Amino acid sequence: MALAEALPGSDLVRTVDGTPLRVRLRQAERRERLKAIALIAPLFLFVLVTFLVPILVMLFNAIHDPDIKNTLPNTVAALSTWDGKEVPDEPAFEALARDLKQAHKDKTIALLGKRMNYELSGIRSKVIATGRKLDGVEQGPWKEAVIGADPAWNDLATWAVIKRGSGSYTPFYLLSMLDLRQDVDGSIVRVSPDRAIYVDILIRTISISALVTFFTLILGYPVAYLLATLPQRTASILMIFVLLPFWTSLLVRTTAWFILLQDNGVVNDSLVGLGLTDGPLKLIFSRFGTVVAMTHIQLPFTLLPIYSVMKTISPSYMRAAKSLGATPFTAFVKVYMPQTLPGVAAGCLLTFILCLGYYITPALVGGPTDQMVSGFIAQAINQENNWGKACAFGTILLVATLILYFVYNKLIGIDRMKLG
Amino acid sequence: MTFPAYMTIGEKVTYIGLRVFVGLVLLFLIAPILAIMPLSFNSESFFSYPMPGYSLKWYEDFFFNSRWQASLRMSIIVALATTCIATFLGTLAALGLARTNIPGRAALMAVLISPMIVPLIIAAVGMFLFYSRLNVAGTLAGLVLAHTALATPFVVITVTATLSGFDRTLMRAGASLGAPPMTVFFKVVLPLILPGMISGALFAFVISFDESVVVLFLASPEQRTLPKQMFSGIRELISPTITAAATVLILFSTLLLITVELLRRRSERLRGITN
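These protein sequence lines are chains V and R, in that order.
When we follow this note's numbering, the leftmost residue of the first sequence carries the number 1, and every step to the right adds one.
When we follow this note's numbering, the leftmost residue of the second sequence carries the number 1001, and every step to the right adds one.
Keep in mind the hints are simulated off the structure, nothing from the lab.
Hints may be right or wrong, so weigh each one.
Going by beta-carbon spacing under 7 angstroms, a handful of chain V positions derived as facing chain R [said to hold, decoys possible]:
| hint | residue |
| --- | --- |
| 1 | Ala36 |
| 2 | Val47 |
| 3 | Gly186 |
| 4 | Phe241 |
Below 27 angstroms or equal to it, Euclidean Cα-Cα: the simulated DSS-like pairs (lysine-lysine) are [unchecked claim]:
| hint | chain 1 | residue 1 | chain 2 | residue 2 |
| --- | --- | --- | --- | --- |
| 5 | R | Lys1187 | V | Lys35 |
| 6 | V | Lys322 | R | Lys1187 |
| 7 | V | Lys311 | R | Lys1012 |
| 8 | V | Lys334 | R | Lys1187 |
Footprint (simulated), chain R over chain V, 3 or more residues, beta carbon under 8 angstroms [unchecked claim]:
| hint | stretch |
| --- | --- |
| 9 | 163 to 169 |
| 10 | 243 to 254 |
| 11 | 309 to 318 |
Bear in mind the structure is a predicted one, so any value in this text is a computation, not a measurement.
All C-beta atoms, glycine included, are put in the ideal place defined by N, C-alpha and C.
Excised from the complex, chain V in its bound form:
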């Protein structure tokens, strides 16, 4: 037994077996920490594999671009010293002819055509036709044969596409999301106005989100105020009106609006019945319908954070302001409203972030000109089978969302997010 007092000259506090308490404490803490890590690890690994790695794969696919390099290996090699000033010479054409014939045989030429078509409209069928025409040709000169198969190969732009696609990675998809492209000489320029549609989509997404956020604030703020100042019992009952829609699935609420906004739906019938309009208004598949439905869905998200901040504001501040001679209006604007700003910021930011990613509601209630970024991601996958574009769009959306969440976290703190 080596008790602490049995060791004269030592001022260390020791445990029963003689180890200094400090060491034992550290051991215990380490054990505790290991236990904690062991408890968290399963979920961490699960989220890593099922969620974070897929996101990284998406980011990777936004720049990964092996199609041209894989289908035209010889051409890419022949172009390695090409200066891009004029159409290359015979060796490059010979390599191209070899690659195209091989691609035709391997049936990978359609993939190449599709990839090149992203940068050069209409080239797809020409690439495939060239492969087919060259199939029987065994003798050069190749430059003549290839250009003979399709004059597009005498165009500098066609070769520039191949040259730009020589690497495994490309900025093409990300640049095109900003309506930019690389020119023949590699400089970054704006795309022609008829192809510049993506910035518009981004602006549309932001403006719909801003509009919805604005409306939810205008509608939600007074409701939050009344709920926070009414007696608890009355407020609890009125809260059901906010929480019931909040708990109803987004799809069900979108369905409800889809049905109500029909040309012969409840809203139009009521408007006509009240004599407010002569015929049915175009409510479904319109910007109006999209904004109304999204405002309805997002209203509780804006309202609840404002409400919870308002609940903490003591009424004595307002009384103090009034007793000092402020009119109710001045007292409200100068004393009450500034105190609610954290809630307003939290609610509005949350709604804005959630709006940016909306897909279901614009898809069902909106028209073609009301689709937001998510809708175009879905379109790129379902209709164009263009994963590079989908991933690049996704990357832009993700970056925007993360920046806003970073702001949110700085202002409010993500782990203080409440659920209902």
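Chain V is fixed; fit chain R onto it per the hints.
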């Protein structure tokens, strides 16, 4: 209506105006949900009032048509599997997060919460690309994995909330009375965090049951869940059965809302928090 004598005209107008405005906003919130419920009993297949007659045929279609029935069953299977895994993993992680000051707790939390933050469409694209390589895209397992990832943040948050007011001396009391750690967990900790766990489980169930974006991309036609069926039902042919489906789902979410609220009250009572 009588006002206190000190109120000015302006204050009276504001008082009434505010209540009228709030009444209209609350009507806007609740009306769409209430309005489509009666339409599900319409005997004709159109979506407006007045209805010529009443009928239960859309409910008959919803509950007995093989497509709807299969999608309801698929949704319940996926949601139950998701709930079990998410509640288990999420509760463990919440217990770990509550234990000590782990280095990088904020970063860890950010990772665990991230599925709640990232727009669903992005998750859907990434998951499809990655899950195809693992050969789980278009399988039931893949869908359950995806939904579990999306649902776990809600379990972590609800259980962490329960643990935030947790009195750790109770565990020490149990241990000092001779209970081994496992007994302390099952006899002391579990009963106290159970309301939070059940709330988390309900959240997980709802997240999976209502999830309508990832399933559109990740699921093959065999995993046609209820939201997927509703989405295509709206897009392809508008059958009034969707009003019946919507009504059933609204009643379901009302039921859940009441349950979660009761659980929250019970949990606060158990932990000695009173309003």
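For each hint, the structure was consulted:
1. Ala36: With Cβ-Cβ at 4 angstroms, under 7 angstroms, it holds.
2. Val47: Interface hint status for valine 47 of chain V: holds (6 angstroms vs cutoff 7 angstroms).
3. Gly186: Cβ of glycine 186 of chain V sits 29 angstroms from chain R, so the hint is violated.
4. Phe241: Phenylalanine 241 of chain V check passes; min Cβ-Cβ to chain R is 4 angstroms, inside 7 angstroms.
5. R:Lys1187 / V:Lys35: Roughly 20 angstroms between the alpha carbons, so the hint for lysine 1187 of chain R and lysine 35 of chain V holds.
6. V:Lys322 / R:Lys1187: violated (55 angstroms)
7. V:Lys311 / R:Lys1012: holds (23 angstroms)
8. V:Lys334 / R:Lys1187: Answer violated: lysine 334 of chain V to lysine 1187 of chain R is near 53 angstroms, above 27 angstroms.
9. 163 to 169: Result for this restraint: violated, n = 0.
10. 243 to 254: This one holds; 10 residues, not fewer than the three required, reach chain R with a Cβ under 8 angstroms.
11. 309 to 318: violated (count 0)
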